[in-house]
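Quick one: dock chain against chain with the hints and give me the complex.
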Amino acid sequence: MSADVELDRVTVRFGQFTAVKEASLKIAGGEFFSFLGPSGCGKTTILRTVSGFLDPSEGAVRIAGKDMIGIGANKRPTALIFQNLALFPLMTVAENITYGLRVRGMSKADRRKRADELLHLIALPGQGDKLVSELSGGQKQRVAIARALAVEPQVLLLDEPLSALDLKLRQHMRNELRAIQQRVGITFIYITHDQGEALTMSDRIAVMNNGVIEQVGDGKAVYDEPRTSFVASFVGENNPFAGRVAKADGTGAVVETPFGLLRGRNPNGVKEGDKAILFVRPEALRVGEGSKDATVTSTVLNVAFEGNASHIFLKGADKKDITLTVGRLERVEIPEQGSTASVTYNPDLGLVLPEGKLARE
Amino acid sequence: MSRLFVYLIPVFVIAVFMVMAHYEKRLAHDPTHRGFFDRNGTVLGVTFIALVAFWTLFLVVLPYLYMVQESFHPKLVAAERGGPKDILTLEQYRSFFIQPTDGEVNTTHLWAFFFSLAASAAVTVLNFAICYPLAYYMAQAGSVQKVRLLMLALIVPYWVNEILRAFSLRLLLASKGLINQVLMGVGLTDAPVDFLGNNVGLYVGLSYAYLLVMMFPLYNAVESLDKNQIEAARDLGAPWWRIHKDVVVPYAKPGIASGCTMVFMLSAGSLAAPQFLGGPQTLWFTSIVYDFFFQAFNWPRGAAYAFLLLAGCIALVMLMLRVFKVSLGETIK
Chain V
1 MSADVELDRV TVRFGQFTAV KEASLKIAGG EFFSFLGPSG CGKTTILRTV SGFLDPSEGA
61 VRIAGKDMIG IGANKRPTAL IFQNLALFPL MTVAENITYG LRVRGMSKAD RRKRADELLH
121 LIALPGQGDK LVSELSGGQK QRVAIARALA VEPQVLLLDE PLSALDLKLR QHMRNELRAI
181 QQRVGITFIY ITHDQGEALT MSDRIAVMNN GVIEQVGDGK AVYDEPRTSF VASFVGENNP
241 FAGRVAKADG TGAVVETPFG LLRGRNPNGV KEGDKAILFV RPEALRVGEG SKDATVTSTV
301 LNVAFEGNAS HIFLKGADKK DITLTVGRLE RVEIPEQGST ASVTYNPDLG LVLPEGKLAR
361 E
Chain S
362 MSRLFVYLIP VFVIAVFMVM AHYEKRLAHD PTHRGFFDRN GTVLGVTFIA LVAFWTLFLV
422 VLPYLYMVQE SFHPKLVAAE RGGPKDILTL EQYRSFFIQP TDGEVNTTHL WAFFFSLAAS
482 AAVTVLNFAI CYPLAYYMAQ AGSVQKVRLL MLALIVPYWV NEILRAFSLR LLLASKGLIN
542 QVLMGVGLTD APVDFLGNNV GLYVGLSYAY LLVMMFPLYN AVESLDKNQI EAARDLGAPW
602 WRIHKDVVVP YAKPGIASGC TMVFMLSAGS LAAPQFLGGP QTLWFTSIVY DFFFQAFNWP
662 RGAAYAFLLL AGCIALVMLM LRVFKVSLGE TIK
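As they're listed, the protein sequences go chains V and S.
This note's numbering puts the first residue of the first sequence at 1, with every later residue one more than the last.
This note's numbering puts the first residue of the second sequence at 362, with every later residue one more than the last.
Calculated directly from the structure, the hints in this document are not laboratory data.
There could be a bad hint or two in this list.
Only pairs whose alpha carbons sit at most 20 Å apart, straight line, appear in this in silico PhoX-like list of lysine-lysine [unchecked claim]:
id, chain 1, residue 1, chain 2, residue 2
1, V, K75, S, K507
2, V, K320, V, K357
3, V, K108, V, K130
4, S, K507, S, K588
5, V, K108, S, K606
6, V, K140, S, K588
Coverage of chain S stretches by chain V, computed from C-beta distances (three or more under 8 Å per stretch; other residues unrestricted) [what the hints assert, rightly or not]:
id, region
7, 389 to 400
8, 439 to 449
Heads up, the beta-carbon is just placed ideally off N, CA and C, and yes, glycines get one too.
Just chain S, same shape as in the assembly (with noise of 0.2 Å):
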């Protein structure tokens, strides 16, 4: 019964917009309104809605609402589903802070949510250090055919599978991978470096991961900045990290917001990169979310994990939004 009354809210949601269009129609009444079938014909406008509700609903609405309940209930196995035992409860979101089995503070869970939304906030950072001055470069400093060389540059390692790309800088940076080859033919070191176990290779291999998605944001938004008012600027004295400060970057802040807000919760979100890079004693928490769906079969406990994060990672970009005055309308411009 619990989960059946889940899936009546979209119905009610749409009753509700039905009601308020319906009111809308009678107090604002248009005549030169027509109305959706006068303008489409009934067949078209049939079609019409029923693809958008397909689309909507079955594909989008309804996986998460099915996940959202089943994150407020208790494992079962198929027998006992619908019986005395499938009740609501916040016991999987409790299990997250308490460990079910011995009632201890689950400290290994807390802190690989804390160390993936750090480590994605400093991947984000990175990330923008590196591609702020290539798409300052790129937009208003360089020649058309230096750019278009650069722009393939950037592109044509993503034509690589990710798990490939992964996998070729774990062997870079492996303790007897090419780079401490080099770092220890040059002399710069004695033993190899292990640049996989301190997360090096994490950190690397993200900011490679999500560089484009940081790049073309930045990009779009500096690009279309009129190079006077650079000019302008520095003609009135200012030196150049002044123009930077003062004119290139808050124009850009859409976009900067954009290109961080995307590339925090994708890293957050990321499997791959953080399983195949990561140190021995790096535990990601998607890694976690992944392992209650696919080697505990606890779904349940899995959803409510990926429910958490996802709640951590809207919190934190709202803020970081918040902090930067940059409203949630202007970085999907």
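This is chain V alone, in the form it adopts within the complex (with noise of 0.2 Å):
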């Protein structure tokens, strides 16, 4: 059983300080739902307002509709999986996994049944005797979700719980929660700062900076279409251009940069005379000349072979490089550090967007 989970302009504060500002949107019933953003940004203080854990300050939180307020971590059906894990130390794997049953009173044999389908869930057959000491990460990481599966929650919370891994394992890991979440079809939102977990793994996600949801979208349009600065910078790697808007048409807009008059696609209507950014991404850049709103040349200060592509630093303005990817069957020519090098871009992978908050490197 899945359920929905509503946020109506929820408000948290802690003293003066404004965790979550004014945060709405509407999660479907058996959704992968992400909330990304960087450390501080608000996401697991909205975690913790749907686990039940905090109470806004202003607005209401429903889950499958029913408003939450007055109702405790403990009589929501909700789970929530712990960035640490907090798996107790003192109790055997298949207490752990049950011990939400028990303190539902299931009985003992019942308890054990259960464990024993969760254990084969989770891969683990067999190991319900064992201390979660004995355990090696990725196996713990499994039991904890058995743990908060056990108890048949609509709605599972992971507050990054894949940080603690390796890279390989992590990898493995996000393929695994994702067939997990099918498999059991209730809806999950996770908290995370990796962009890639987010991407990879959710239905939607809700860019979030400095306590303010900045977008909502699937992937493809957080990535494609970010709406603000902040989201453009902060999913997936992106070039600023920053300047003025020299001209703006229907099909888009020219940004005066340091590097000339350049061309993107004006989806948020700048207009002429803002301040705004240009936005193009590594893997959109070619070397060569192209037209000449759409190229830039700088001194090259640095390559970097990364095995499946190449990366080339170019000298850009304040300071911040600019990054140009270029995939390892391409067949270009890589340009030799300290030379002064052409890149270009399909005007249509340009991207102007209103001046704001950069997301910080």
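Right under this line is the structure:
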């Protein structure tokens, strides 16, 4: 059974500090929904508000249409997976998994049966009598998932649960989490600062900054159609070129940048004279000259070979390098370090957005 | 002769250890190993050994051994020591159970023994009941400023001398003391309540005296518990009392055991609080021991009684550790 979750103008304050400002969105039942943002952006606060450890200062949280005001964390149809997992070290794996059922008064035999089922689901059959300390990082991860699923929550909340794992395991667990979500079919709300995790697993993503939800959409939308400078710079790599809008028309806008006039799409309708930033993704840039309003010429600072791709770093304005990514099989002549090179892009892949805060590097 | 024998025990123990060390060196030869004197030099090595030996032998082992052997001897005047009357005997231990004077069962002392242990156990439970919520609040729930203030409020009274503290409690609890005056003034009682006579003063005084001894191990144990553990249990549906029963108390068990052991041992061995705050009918076992040493000058019997108290306390503590499944090692972590 899955339930939809609705945030209705949720504001959370700690004293003078506003952690979340008027967050409103609706998460459909059975959806894999991620909150993505840098640390301190308020995403964990939202999660704690949904799970019931925090009450919103204003606004309401509704789960399955029911206002959750006054309903404690132990009474909500949610289960939370903690960043550090918070498994009970003095209990065995099976005791951990069935703790929620024990609290609900399930008999020992039934608990044992349910533990075996869940151990099967997380591919750890027969390991119920082990102590948590005897498990590896990935296994602990799965036990934490099983413990949360055991109470048959309608919404599963995950607070950066993969951040403690090493890279390979993390990538593996992404697929596994997604698979588990599709098997059990309940709503997953996932908190992360890792855009790779958010993009690969989620049906939809809410990008947050400074307590405000900047954009909600599927992975493609937040990557290809960011609506604010923050989203454009936080989700994936991006090269910002700041300046004033020299010309804006129906098809796009031209920004006066330190590298000359550069053109891009103009979905937000910035006006002539506005301060704006043109964003071009590293993979949209290629070596060579193109049309004059889509070519940047600068010094090559460094070339980094990364196996499947090479990254070329050009001297940019404001100490921020311009990054260009070349696929291994593209057979491009890579300019030498120290030389002057021109790079160009398809103006359709440039994006002009109103000036705003960029994500911190 | 029999007195000398006891002092040979440490010599014997040291000899056994030296032989064992020698054999270990021969059996498990480690070429990289450097001897104690090689590492520290002869002067420093001898100094270390001499200091440690002085500390353990003269300050710890020998005084106790003296008392042990004393407890197995009859009470003698100085002239008779080492004479024909100076024999090994269980007379002092027997006198705890059977009165040497009339051959009757020594109910007074037996009762004092059990009362002291039972009252100490009660004080321990009372102290735990007071300290656990406080320690939990300070370690997990309270804000930093409040916790600091509370800590200060807990510690400052201990700057005051123990006897002064006991006496001031006595003044508060006396039949014409402040508490009785207030109670009568409000009209809750007509006649003063005899707090000292019915041992309320004793329990209050002892609990108060050893509050910190319970507080610190508890606080340390609860403080290191990950907050997420508590929230995880709550999230899984546990009501507050279950969280304590299933998560906090099992985690803090070594600290609880350590605090309880110390409070129990210290109350059972305390002297000032029972003497000043106990009722006139209350005979604390340590008072008896004290009287044998300083009133009757019967050191052998005093020593025997002291060891009986020690044995009783250790037995009870071990039993409790067994019941609550805590290993002795955990309590001193």
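Please write out, lowest number first, the hints stated earlier that are contradicted by the structure.
1, 7 and 8
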